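A.B. asks: Protein chains in written order, with numbering that gives the first Met the number 0: chain U, 0 to 380; chain V, 0 to 404; chain D, 0 to 137.
Calculated directly from the structure, the hints in this document are not laboratory data.
For clarity, every value in this text was computed on a predicted model and none was experimentally measured.
Warning: the hint list may mix true and false statements.
As the list claims (entries may be wrong) - In silico DSS-like links for lysine-lysine, alpha-carbon gap of 27 Å or less:
id: 1; chain 1: D; residue 1: Lys-5; chain 2: V; residue 2: Lys-379
id: 2; chain 1: D; residue 1: Lys-45; chain 2: V; residue 2: Lys-400
id: 3; chain 1: D; residue 1: Lys-77; chain 2: V; residue 2: Lys-379
id: 4; chain 1: D; residue 1: Lys-45; chain 2: V; residue 2: Lys-374
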Amino acid sequence: MSAAVYLDHNATTVMDPRVLDAMLPHLGQPVNPTSRHGFGRAARHAINMAREQVAVAVGAHPSQVTFTSGGTEADNLAIKGIADTHTPSQIIVSAIEHPAVLKSAQALRWNGWQVTTTGVNVDGQLDLDQLQTALKQQSALVSVMTANNETGVLQDIAAIAELTKQRGALLHTDAVQALGKIPLDFNALGLHAMSVSGHKIHGPQGIGALILDKHVDIQCLQIGGGQERGLRSGTENVAAIVGFGLACELAMRELPQQATSLTSLQIQLENGLMDLGATIFGSRAPRLPNTSFFAFSDIDGETLVMALDRQGFFVASGSACSSDSVEPSHVLLAMGVTPDLARGAVRVSLGRDNTVAQVADFLLTLRMELTRMKRMTALAV
Amino acid sequence: MTVKTPIYLDYSATTPVDPRVAEKMIPYLTEHFGNPASRSHSYGWTAEKAVEEAREQVAALVKADAKEIVWTSGATESNNLAIKGAAHFYGESKGHHILTIATEHKAVIDTVRELERQGFSASYLEPEADGLIDFEKFKAALRPDTVLASVMLVNNEIGVIQDITALGNLCRANGTLFHVDAAQATGKVDIDLESLPVDLMSFSAHKTYGPKGIGALYVRRKPRVRLEAQMHGGGHERGFRSGTLPVHQIVGMGEAFRIAREEMTLENARIRRLRDKLLTGLTTIEEVYVNGDLKARVPHNLNISFNFVEGESLIMAVKDLAVSSGSACTSSSLEPSYVLRALGRSDELAHSSIRFSIGRFTTEEEIDYTIELLKAKIGKLRELSPLWEMYQDGIDINAVKWAAH
Amino acid sequence: MAYSEKVLDHYENPRNVGSFNKDEKNVGTGMVGAPACGDVMKLQIKMGDNGIIEDAKFKTYGCGSAIASSSLVTEWLKGKSLDQAMTIKNSDIAEELALPPVKIHCSVLAEDAIKAAIADLRSKQGETMDAALCRHGH
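Could you put together the complete structure from these sequences and hints?
C.D. replies: Take a look at the structure:
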């Protein structure tokens, strides 16, 4: 077996050593940024720098950045926080959202909100006609993710922003998977809220941010202490914030070159997958350059993933957050994929350290494992 | 005597990460970087194993079952989850009244206020002048419809320790859930959740030499306490709290709590000696007042008011010390500490208070330096103070009619 | 809170700290503010026979900016006539010390202290003059 090859970058990424170096001084120092003494002031300065780095990466102003404990909290804050300052009406979410968005929206039903889920087409892109129809009814908020975590399919956020603007609805996008992989421009797109996270871009886990248009009324969820201008109380996680800031800066600096090299790896991978007879989900839509979600008919995804793991290739079946369950992916079902084929789904998400040789090795191993599994199935029959 | 300034005496605001904790965290930032929710490969399994070991360490410090520990982003989130989660889950059946204490942390007070906005009613019991709660008054404040009572174990400003056994028993007898904010208590006070009548308890890592951005909530299983989740998503932490678990932070908290469990007896004895030395040194200065009871108090804390000296000029004078005036979390406002006011201290004495909090890395030389510095600076400021002059002339400052401005 | 260099200088090295005997007839005392508000300023001026302020002293219970404001005005007052002293404005003090908006009230208090000290002196001098007139009249 060759050395381990990590192909699950949409679940989490290894931290960049430069990010770790930047964080270490903040782990050893006693710094509560709210304290007025010198220790506290240095921490505040570091946080402000990181806020700028994050702002630049998403095309926002630093004052629009609120640090949270991660993407899930940012999604919860955006959806529940905005809903709380509005009279209950309709909230529209796409069917392929991350559970953090779907479940937050569903929780609003208790407060009298109507939650409308709009579908996607077979390529995984939001059905804009459905959105337009839904928007005929008074809607406070629409939430559509920029890039899907499972398929990598990109949504036409500019077009969606145009539609929501016409109807006076606010637009939130979960950009956790998009950050660092494609350019983001919060203010140019006229977005109202955007969630991002640190650990998907070689930054630390446990840190994220909500980018928020200052004209949006929002109620904080976590109360007490008044940090982050009252929007998110709790002692700031200084080391993680510093790490997140630098990870954003590095991602932006390296994005053009990364995009090119990941795209060529993706082409290499997907040509190989198609030779093996794979169905690649969302392949006709614009996608992230690192994500390939695919299945082989009559091959169980979970078994294939385990087999690949034994050979040192770490990939995912379904998405990490819901991999406790054996339910087929809700994203694929929304795209009209049959439950049988969806159960076979395997996700490869490439990262900056993956090489042409690793992809070639992966394809070879995959061919071997598929042959073996088919033979076993044949024996069983 | 050479002492490096500023001297850090603000361990109740936050603590440095213990080098042993940082060392344990680093591999989880680099090679073992998996997402514990990734069930399909060994990166995920390694991460999950580390998370569960840390959960055992946290549980061991407070004698709980690991299954009763839910990870959060810190004590503020734990307090929010416990109070809102329990109030929402049990409000319909038990009632809509919440009992808490006027000297709680803002994370508790403001959360209870938010529930009031949602239609709950609340009582904020005033403590006695020593900062402790009168049991009779607490008992009288419990109502048939009190769904939850929330009392902090150790106060962040004055360090007093509440008798949560007695208060918890009163709650039990009343069928009221009991939440305890123990953010300031871990490693300082013995906590035995096997025997304590407590249903929910909040913890923080960064007050106990762990990293910031991680905390935990204890949720009792026998009898089982249920909560309405506040953070929705992938259903992590058995649905109590969604969100990818930050493995390195969790590992750090586990290690920090392991060290606390093993070393707290010796460490607290050493810290108590330093605190008592500081107390003896500072009380040689005239007209100083210790805030809060001295016996039922963690050894780390000394909160003291210097009469006839104004608070802000005092903080300027002691810039060689990293200390708090009022609580760190509210010190950007000029309001005097609400905790000291609840004890009945005048605004002037509340303003001129300093919280010294001593910790693992405080040295005897630093305490000596602090005492000498305070003596000199208080002397200088009083030389400048017209109030001190009046006091020495025998004038009763409170009897003077001051022009309002 | 960031203090200006000048505030820090006056705070570290306050000028003219102390008290005159307030019963002396050429001493005017102004005490303004209240402990509950966080500032009490006591400003004293001593007038020479030529009607010029020959010395000034202060004591202040208050923040660094309050201490600096009162320390500064004791320097400014020396050598001025009472009428000249009356023209010292809080805005001059705030500008000289580069006080931030939240500290403007310290300069207002210092101006009030000057006015109070002068009023005290004038009332004493007035009394003295009245007494003198009475004696002349007899």
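A.B. asks: Is Lys-45 of chain D close enough to Lys-374 of chain V, meaning Cα to Cα at most 27 Å?
C.D. replies: 32 Å, violated
A.B. asks: Taking only the CA atoms, is the gap from Lys-5 of chain D to Lys-379 of chain V under or equal to 27 Å?
C.D. replies: 19 Å, holds
A.B. asks: For the pair we were handed, Lys-77 of chain D and Lys-379 of chain V, check the Cα-Cα distance against 27 Å.
C.D. replies: Distance ~24 Å between Lys-77 of chain D and Lys-379 of chain V Cα, so the pair holds.
A.B. asks: If you draw a straight line from the CA of Lys-45 of chain D to the CA of Lys-400 of chain V, is it 27 Å or shorter?
C.D. replies: 25 Å, holds
Against the hints set out earlier in the document, a violation occurs for number 4 only.
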